[in-house]
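Line by line, the protein sequences are chains A and B. If you use the numbering used here, the first sequence closes out at 119, no skipped numbers anywhere. If you use the numbering used here, the second sequence closes out at 110, no skipped numbers anywhere.
Honestly, the hints are just simulated from the structure, not real lab data. In this text the structure is predicted, and so the values were computed from the model without any measurement. Mixed in with the good hints, there may be bad ones.
Simulated restraints on C-beta separations [stated by the list, open to error]: (1) B:Asn-18 / A:Glu-82: 16 to 26 Å; (2) B:Leu-58 / A:Asp-1: 30 to 40 Å; (3) B:Gln-80 / A:Glu-53: 38 to 48 Å; (4) B:Leu-105 / A:Val-96: 22 to 32 Å; (5) B:Ala-107 / A:Asp-1: 20 to 30 Å; (6) B:Thr-51 / A:Gly-16: 44 to 54 Å; (7) A:Leu-83 / B:Gln-14: 17 to 27 Å; (8) A:Val-96 / B:Ser-26: 31 to 41 Å; (9) A:His-73 / B:Asn-18: 24 to 34 Å; (10) B:Ser-26 / A:Gly-101: 14 to 24 Å.
Even glycine gets a Cβ: it sits at the ideal position worked out from N, Cα and C.
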Amino acid sequence: DSGVTQTPKHLITATGQRVTLRCSPRSGDLSVYWYQQSLDQGLQFLIQYYNGEERAKGNILERFSAQQFPDLHSELNLSSLELGDSALYFCASSVVGGLAGGGSYNEQFFGPGTRLTVL
Amino acid sequence: TQLLEQSPQFLSIQEGENLTVYCNSSSVFSSLQWYRQEPGEGPVLLVTVVTGGEVKKLKRLTFQFGDARKDSSLHITAAQPGDTGLYLCWWGGATNKLIFGTGTLLAVQP
């Protein structure tokens, strides 16, 4: 158990609909990352929030949005859903540290994922 | 764009065999992580390597970071069916460039 929680576990919906995925990071972690994983695309970084603010954006569609709340949980909103949005969606929180001599490391702890099926 | 190329892409072996998975880049990284992902579950962190030439062992898994910090390898000794999964190398430094390797899908047949 990574300590990262995600709900719901499964979500089935129709094209054109809107859904919200929820994530709570590990206790004490300020960052939340969202990833999409489909069979043909691998693990794709979507967006990162740090202490309530957007920190980095990856391959996130304009139909998707996210936010992080004061209690640090995050929600990923997917709208105007298309068949191609069917995928596993993971969130992660991280431990970031500096290294002697410069550089850094970023260890990600992933939640169990939400499997979204768009019919 | 920085990329982490993994090889092989797929590997199917018999229980008891040894194998090595490679993660290569043309860029220098301050650290690399290795993850294993089982079907339908989130990736799980296995190890972080930070020093060129570093070798870390996790039971039957041996991780090595190249001297120039451009590559890394994962060696599994006497593979077991429980080792089956997707192995990913990953770099995510503070510059927020989050880079996952292309992945190696390992199947260990009993």
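Comparing the hints with the structure gives:
In this structure, B:Asn-18 and A:Glu-82 break the distance hint of 16 to 26 Å, their C-beta atoms being roughly 44 Å apart. B:Leu-58 and A:Asp-1 have their C-beta atoms about 19 Å apart, which leaves the hinted 30 to 40 Å range violated. A hinted range of 38 to 48 Å holds for the C-beta pair B:Gln-80 and A:Glu-53, which are about 44 Å apart. Against the hinted window of 22 to 32 Å, the Cβ-Cβ separation of B:Leu-105 and A:Val-96 comes to about 29 Å, which satisfies the hint.
Under the hint 20 to 30 Å, the C-beta atoms of B:Ala-107 and A:Asp-1, about 26 Å apart, fit the expected range. A beta carbon spacing of about 51 Å between B:Thr-51 and A:Gly-16 agrees with the range 44 to 54 Å that was offered as a hint. Evaluation of the 17 to 27 Å hint for A:Leu-83 and B:Gln-14 yields a failure: the beta carbon distance comes to about 38 Å. In this structure, A:Val-96 and B:Ser-26 break the distance hint of 31 to 41 Å, their C-beta atoms being roughly 24 Å apart.
At about 43 Å, the beta-carbon gap between A:His-73 and B:Asn-18 misses the expected band of 24 to 34 Å. At about 21 Å, the beta-carbon gap between B:Ser-26 and A:Gly-101 stays in the expected band of 14 to 24 Å.
Checked against the numbered hints given earlier, the structure breaks hints 1, 2, 7, 8 and 9 and satisfies all the rest.
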